[in-house]
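Asker: So the sequence lines, in the order shown, correspond to chains A and B.
Taking my numbering, the leading residue of the first sequence gets 117, the next gets one more, and so forth.
Taking my numbering, the leading residue of the second sequence gets 14, the next gets one more, and so forth.
What you were told as hints is all true, and nothing was included just to trick you.
Beyond 10 Å from chain A on every Cβ pair, some chain B residues (computed): (1) 31; (2) 32; (3) 39; (4) 94; (5) 134; (6) 138; (7) 144; (8) 146; (9) 197; (10) 229.
Where chain B lies over chain A, by a calculated footprint (3+ residues, C-beta under 8 Å): (11) 181-194; (12) 251-257; (13) 294-301.
Calculated directly from the structure, the hints in this document are not laboratory data.
All C-beta atoms in this analysis are idealised placements derived from N, C-alpha and C, irrespective of residue type, glycine included.
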Amino acid sequence: MLPIDAAAHSSRWRRRHPVDKAVLGLGLTVLAISLPPWPGAALVLVTALTVLLGPAGVPARRLWRAYRVPLGFCVTGALTLLVQVGGPEGFVSLAEDGGLRAGELLLRTSAASLGVLLFAFTTPMSDLLPRLVKAGIPAPVVDVALVTYRMSFLLLDSVRHIREAQAARLGHTNRAAEWRSLAGLGATAFVRAFDRATRLQAGLAGRGYDGTLRVLVPEARVSVRFTAASCALLAALAALTLVLERALP
Amino acid sequence: MHIAEGFLPPAHAVAWGVASAPFVVHGVRSLTREVREHPESTLLLGASGAFTFVLSALKLPSVTGSCSHPTGTGLGAILFRPPIMAVLGTITLLFQALLLAHGGLTTLGANVFSMAIVGPWAGYAIYKLLRRYDVPLMVAVFFGAFFADLSTYCVTSVQLALAFPDPSSGFLGALGKFGSIFAVTQIPLAVSEGLLTVLVMRLLVQSSKGELTRLGVLLTKKQSATETEAVAR
Numbered sequence: 117m118l119p120i121d122a123a124a125h126s127s128r129w130r131r132r133h134p135v136d137k138a139v140l141g142l143g144l145t146v147l148a149i150s151l152p153p154w155p156g157a158a159l160v161l162v163t164a165l166t167v168l169l170g171p172a173g174v175p176a177r178r179l180w181r182a183y184r185v186p187l188g189f190c191v192t193g194a195l196t197l198l199v200q201v202g203g204p205e206g207f208v209s210l211a212e213d214g215g216l217r218a219g220e221l222l223l224r225t226s227a228a229s230l231g232v233l234l235f236a237f238t239t240p241m242s243d244l245l246p247r248l249v250k251a252g253i254p255a256p257v258v259d260v261a262l263v264t265y266r267m268s269f270l271l272l273d274s275v276r277h278i279r280e281a282q283a284a285r286l287g288h289t290n291r292a293a294e295w296r297s298l299a300g301l302g303a304t305a306f307v308r309a310f311d312r313a314t315r316l317q318a319g320l321a322g323r324g325y326d327g328t329l330r331v332l333v334p335e336a337r338v339s340v341r342f343t344a345a346s347c348a349l350l351a352a353l354a355a356l357t358l359v360l361e362r363a364l365p
Numbered sequence: 014m015h016i017a018e019g020f021l022p023p024a025h026a027v028a029w030g031v032a033s034a035p036f037v038v039h040g041v042r043s044l045t046r047e048v049r050e051h052p053e054s055t056l057l058l059g060a061s062g063a064f065t066f067v068l069s070a071l072k073l074p075s076v077t078g079s080c081s082h083p084t085g086t087g088l089g090a091i092l093f094r095p096p097i098m099a100v101l102g103t104i105t106l107l108f109q110a111l112l113l114a115h116g117g118l119t120t121l122g123a124n125v126f127s128m129a130i131v132g133p134w135a136g137y138a139i140y141k142l143l144r145r146y147d148v149p150l151m152v153a154v155f156f157g158a159f160f161a162d163l164s165t166y167c168v169t170s171v172q173l174a175l176a177f178p179d180p181s182s183g184f185l186g187a188l189g190k191f192g193s194i195f196a197v198t199q200i201p202l203a204v205s206e207g208l209l210t211v212l213v214m215r216l217l218v219q220s221s222k223g224e225l226t227r228l229g230v231l232l233t234k235k236q237s238a239t240e241t242e243a244v245a246r
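Next up, chain A with everything else stripped away, as it sits in the complex:
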């Protein structure tokens, strides 16, 4: 299991309905990209971090490990805004307000990422996917997504074992060997995926498979109190941003 999904399974909010967490987490993300970066995204960032480490109980180390991935992309992307092409100062020169634009982008992306992480760290995929049918996604697509989700872990595990076996047989000692090993890894993953699908098909056919995958979904109800509190928090953040935007320089 991947670290974020593993954390979601043991989250304090695991039993909450995904809609509760979507309103809060994805609401924060929407606010982060819609409000002015200063002070809006900064407020969203602090709020998301507080909720993640406080009520949601996500361990700081796990959060940092997951957060540093999007943060790296955000920093790399923001750096490009520091320079401009053409203009009187030469072909490539420092952009006049590049630092400000890069800072604003960094604030926006890092706050938006935390909102999605709040949802991802508290909602296992196995809780979310079966409920997508009620949201209007066709059942066959959800079934394919469910099989993809469950098979991904098995394949990732297989790939890790194959990679270890290749390393033990000196499969990564030089560039040529590395390419051969990588190609073998990709091809073996394909063969194993199809082999598993065929065996699953045979097993399900023996159990009267009619084309629909029935899975047990943990029961949960949308909490009116939690959703209302989330909406109130989001509204307060939007209002505070508008007030601070006028008051701050």
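Given chain A, put chain B in place with the hints provided.
Answerer: For chain B alone, kept in the frame of chain A given last:
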């Protein structure tokens, strides 16, 4: 490279979502029809989605010495066709956003457009064109994967340039800026992905002829004879 969460302004995020929607809806219809007609396809398509997800997790040694991961769009399009790849790509991008914090939900539309629509269609078009002119399978596979990878990054450059035009030279300056950054890293990576895809396909031709024939990548003797007859006519 996926566009990170929150990177695009709201109007751009919505616009790319709207642009992707018809392709994804078309893919969903194809997939739904396929599953209704052949219920056993659910498992095969799920396996294909998992394979695409795992493929994007493989580390790829680049010609420049850096390291990245294949997009998998070229191989996916050749094996499963672009409409199905639009759905499988969307599922994979959703999983990457939620399970790996790679990409994002607000940028899902933009990433789907580049990685699950333009990449597969461009790669598949080149592959089919070359196969029509009897270019050997492996050469067609190389160019299919190469152009799928490259077109993905070209579209990403356009998306970023539209969102962040250069203060001095506007959209074209920004396109040059993002394009040149990607060119340094992505042309070698596209070559690497093309080579890797050829190696994978060579192994698959040896070990999984049945699956490749079932997917229509390799022709059966009967199909091959019919095709030769049609060309001769």
